[in-house]
Amino acid sequence: MVKEPAYKKTEKWWLGLVVLFYALYNIPGLPAYGDSGAAIWHGALTIIPLWIISYGGMVVLNRQRKLKPARDCSGEAEPLQEKMIAKGGV
Amino acid sequence: MLSVTTTWSIYILYMGALIGFGIYIWWKEKNASARHFYTAGNTINWFVLCMTYIAALMSTWVFFSGPGGYYRGGFGYFMSELSYMPLFPVLTYFVMNKVWLLNTQRQYSTPADIYDDRFRSPMLRLFLAVVFFSVSLPYAAAIYMACGKAAEIASGGAIPQSSAVIFVGITALLFMPFGGVKSIAWAATVQAWIFMAALWTIGFSALYYGFSGDILHSISVVWQNNNNWFSYPGPAEWVPYSARFGYPLACAIGWTIMLPDVFIRAGYFGKNLAAQRKLMMFQPFLQIIVWTGTMVIGFAAIALVPGLKGGETELVIPLLIEKIISPQAMQFAAVLMGIFVLGALAKGLSAATSHLLVAGSIISEDILTRLLHLDVNPKMHMIMARLAVVCLGLASLWLALNPPELIWTLIMFAIAVVMPLFPVLVAALYWRRATKAAAIVSSVVGVATVLATYFVFHAGDSWYGTFGMAVSAVLMIAVSYATEKTDEKVLNEFYGALAKAEEQYYA
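As you go down the protein sequences, you meet chains A and B in turn. So the mapping is simple: this note's numbering equals the position in the first sequence, first residue as 1, plus 70. So the mapping is simple: this note's numbering equals the position in the second sequence, first residue as 1, plus 354.
Extracted from the complex, chain B is given alone in its bound form (with noise of 0.2 Å):
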């Protein structure tokens, strides 16, 4: 569809931007720690919040898999996406504005501080860096090979899925280590509109070159020919009650909040608590903008290119382009094809690179700073923090071009995996009795249980992390009673800096 050179041209000088921008913010900058590195220490204000956090959110499969999800899912997937949405205001104001309150006082760079900061456990740190890495590496690994299939596929194969993934890893290398978090949030905001547009203008092209723009038309066609399509469980069998509930959850807990990634957004970036509210107010809409966009297409393609099976669902947007668009326009199909790379690329790099950053972080700051105490000046802790994200580039970029099954599965269940994690993070900001002890057990025996849904019982898929999640509040109270009640200097020391920052933001 587009030649070599176009295809080229358009990731060379988009990556291109990218990385003159990466050194302008290292030259303005200078990140002057490994905090403001990471996190840019409270100070992204609250439309460059939004638009990261967004950006963040979606990988590149919301060009793949989104719209097949939505194909094969039908309209009870997207309801039950709608049903999560509006949690987010919710858990933010309860949960991660007080976390967000706690960072001002207590300078937290990675997610495992704020666990350790309550319960004091080395043990425990490590084990949420384990958990916290263990989903951002093969992340940001396989969205770079998302972003090899889309060169190779907008190429017609002319270009070989592992150049592109060199090609992005290398420059996504050389972008990051630069301006760090900051530079990658700024990005992000540019990246989050063009892979928004990307979606609306390739949804409704297909339905406007395949119904001459007669929606109504398009719906009844849908209604007639794939009735399935408007109801549960779906063409596909993907939304029996199970996953209706177990799904959304998943995305409101693990996918919005506790994704280390999000999570620091949410967080730890935020300039005040004026930003934190607006994070809360446009978040679920911004959401709707690219589901609801996504879910154009996957209806576009059912209405158009009904009985497609599988991993051929995949490939809805390509398909689309070529076998609706292209014979009525072709040279707006070339645009679109350009447009489909350009969006891909564009969530790819932003997903990835922050993927990236915080797995930086769980390196340089949880285990070789606070576990293995390596005592640094700080110019060497800032060539640290830049060296590890540098050396998990390379490993994620190796990841990618030798991709073991492995890495499908771990990103499979990444959104249920850190699920029974926010029971011990509701915990930690506002029960006093819970103890360490509890906190280790609920985090250890909470991610097992979300293992064994997947490898065990093989009800993964429409349960993700519901019953990790249940474990590990029940352990939590549990075993917080049956052991010894934490120091009261520590429990002073954390809520007393909580109550000091509330008093300090709110009137």
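Same shape as in the complex, but just chain A (with noise of 0.2 Å):
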């Protein structure tokens, strides 16, 4: 049996986390309407972490999932195979 990447897992747990506070963020009903310090408050505590998960997860996921050098690929392309999509079928 092949091995999962380690990345899948950290994809995994990256969008799901990111999903959830961001719902958090928006549970209706909190903050109160009209509450100033309320609302700091709840920015502070969905917000921030939002962020730093993101930025978290992508910094991981970089790490785990390595790129191979650079280079320019405007010259690599296969030439789109337009008279068959044109055509809107094969």
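Keep in mind that the hints were calculated from the coordinates and are not lab data. The hints are all genuine.
Simulated DEER-style distance windows between Cβ atoms:
hint, chain 1, residue 1, chain 2, residue 2, range
1, A, P139, B, S566, 50 to 60 Å
2, A, A93, B, F686, 44 to 54 Å
3, A, K82, B, R787, 12 to 22 Å
4, A, K82, B, Q682, 49 to 59 Å
5, A, A102, B, L726, 51 to 61 Å
6, A, L100, B, F811, 20 to 30 Å
7, A, L100, B, G664, 26 to 36 Å
Capping the alpha-carbon separation at 20 Å, the derived lysine-lysine pairs in PhoX-like fashion look like this:
hint, chain 1, residue 1, chain 2, residue 2
8, A, K138, A, K78
9, B, K677, B, K663
10, A, K136, B, K854
11, A, K78, A, K136
12, B, K854, A, K138
13, A, K82, A, K136
14, A, K138, B, K632
15, B, K843, B, K854
16, B, K382, B, K733
17, A, K79, A, K136
18, A, K73, A, K136
19, A, K136, B, K632
20, A, K78, B, K854
Quick reminder that beta carbons are idealized off the backbone N, C-alpha and C, glycines included.
These two chains come separately, so use the hints to put the complex back together.
Pasting the structure below:
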């Protein structure tokens, strides 16, 4: 059995946590309308972790999923099969 | 505030420099193909990519409705924006980097190309072309109008809006067809710095002259006198719970991914995958720089000139300069007004030309080449591409001089109306079972749902395209299971190209 690469697990956690904290920020009723102090606390407790998770996950993923040495890819593309696409099918 | 001569000098010098630059790029690059003209064919380095992306995102209204939005929406409005910015790396990683990888193998020119490559449907291409075109052209026209408005305000009405619109529109026409997207991207790199510097200079100058540089005092004044500026739903009740969810979602998906001019930047421009990663890394910070600068202006305005209503709030920048700064430092106020004009102009040009170029690609590539099968040699193809851009530039200029009421409506829901196309893109990239029929049905019904959200249920200001996107996602799954599977040969070609690209670029 082929072992799943480590980045696959990180991807799932990253996506899940970002969605979770975006949802936490958006819980209806929180904070109460008109409560300025609560609005700032609510923002600090949900938006700051959202940023940390987004950037933390990205850094981990970039480390786990290395790139091959950068190269100019502009001349490598295969020609798009225009006629096949234009006809709407194969 | 500024003399007519000074205002025109700023416009003429700036536009002259742009035209010169466009001609230089044209001479240097020659734009051998329409693809290169429209998307630069994967040749944009990471720094220019980041700067052209942020410049394309922001419109001239960042100098008008932006500060006015924070004036009326308050700090909650700013926090709602802070909630969508960190979604950009995630969306780019899972979606746009795959679009980029496919583009290296399949050479796309327009946003509709990738959909058509997966679903092979002229009907879908036509529908997408209409949607993307409908959001591009009016946007460009509205930006011309804003540039004209900036000149009119700065000169105290001495320069009519229409004169400045004609000047800006014609200059853009001379600039765009020469260098194509590469000249626009490089120019936008400079323009982005100009408008970011302009925003911060104006915001901090207002606080400096209004509160002698004591920012804590300004916060305490607003906290005491306009406390609801710090809470939901804000002073003008702009940010109820529904909008706090719907607006950032529309920004994350509609505005920063699916609008056609940013779609091609995030998917087709980058020189390599490292550039894509830099885009993921820096884009949220660049957005923070822009929106925080805009928020500081809105905050300074609520602190120093409270009580403004409706359209008055869109003119807070000239108001701050005239009422707060000018009485204390007249010369500096004139310089700031010049910065305001230059910033609005820089911003306007980078966004308008980006929209016009992508609209041109839809006409020449999607409609004439792919759908009407216009078979011409490469040289003629390039002439056709340049002519498409010129014609659309003239059309948007005409629209800016004769704006129909519909133009504001189209801009209002531009970021919402493209949202239903996102689930179709995700399905195209990840799901072999997704079918052509499902892509068509979910795109059409999703867009119709967005229209209904605005015009039938009158809930667009809060929910934007949220319901349209949800309907599109459900239909994409349901109709795919109810219709015949896509031909394996087509799937293998598409996903094979993606797998090949991943193998080439990931270690």
